[in-house]
Every structure is written in structure tokens, then in C-alpha cells.
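Produce the complete structure using the sequences and hints provided.
Under UniProt numbering, the first residue of the sequence shown is numbered 1, with each subsequent residue one higher.
Honestly, the hints are just simulated from the structure, not real lab data.
Backbone N, C-alpha and C fix where the C-beta goes; we use that ideal spot for every residue, glycine too.
Heads up, a few of these hints could be off.
[What the hints assert, rightly or not] Cut-off 20 Å, straight-line C-alpha distance, at most; resulting in silico cross-link-like pairs (SDA-like, lysine to any residue):
hint : residue 1 : residue 2
1    : K3        : A19
2    : K2        : A12
3    : K3        : L15
[To be verified] Label-pair ranges, simulated between beta-carbon atoms:
hint : residue 1 : residue 2 : range
4    : V5        : P59       : 44 to 50 Å
5    : A19       : R50       : 25 to 31 Å
6    : T58       : K2        : 45 to 51 Å
7    : E49       : A12       : 33 to 39 Å
8    : V4        : C67       : 49 to 55 Å
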Amino acid sequence: MKKVVIAVLGVAAVLVGFAALPFLTVADATTGTLYGPARPQGYQTCFMERRAVFTDGTPRMVRERRCVFAE
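So this is what it looks like as C-alpha cells:
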């Protein structure tokens with residue numbers, strides 16, 4: 001009986017994972033809904049950059065959008 005319960009819970013976890021998959025982003029890739037347009041005119045690609053800021057006395061992580069010019 002215990003093996004059946006574990007198998008059912010495992011299958012349920014996999015199904016929930018597949019149902020949640022469309023809501024996840026890959027490597028901070030955004031389509032432009034939250035961080036402005038997906039790619040400004042004249043830029044080749046954009047990405048989110050994480051960096052540490054220590055100016056306020058407490059260190060914190062800041063995410064900024066960076067875009068690379070098309071050459």
C-alpha cells in the first residue's frame with residue numbers, strides 16, 4: 001500500500017510540474033511584458049544583469065537590463 005501511495009504522489013508531482021512549466025522563464029529571458037520592450041530598435045540582444053550594490057550600508061543584489069548594440 002505504501003508503494004502505491006508513493007507512486008501516485010510521484011505521478012501527481014510530475015503532472016503539476018508539467019502544468020507549471022509554461023509559467024517559468026529560461027535564464028531571465030523576458031518577452032517585454034515586465035521590463036519594457038523585448039529589444040529596443042538598433043540593439044542585437046538584451047539580458048538581465050545581476051550585481052551587488054554596497055552604497056546603502058547593507059549589501060543588496062540589483063537586477064538591471066543590459067542591451068548589446070548590433071554591429
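Evaluated hints:
1. K3 - A19: violated (24 Å)
2. K2 - A12: Status holds; Cα separation ~15 Å.
3. K3 - L15: It holds: about 18 Å lies between the C-alpha atoms, which stays within 20 Å.
4. V5 - P59: 44 to 50 Å: holds (45 Å)
5. A19 - R50: 25 to 31 Å: Hint holds: Cβ distance 29 Å, inside 25 to 31 Å.
6. T58 - K2: 45 to 51 Å: holds (48 Å)
7. E49 - A12: 33 to 39 Å: At roughly 38 Å between Cβ atoms, A12 and E49 fall inside 33 to 39 Å, so the hint holds.
8. V4 - C67: 49 to 55 Å: Since the Cβ atoms of V4 and C67 sit about 53 Å apart, the hinted range of 49 to 55 Å holds.
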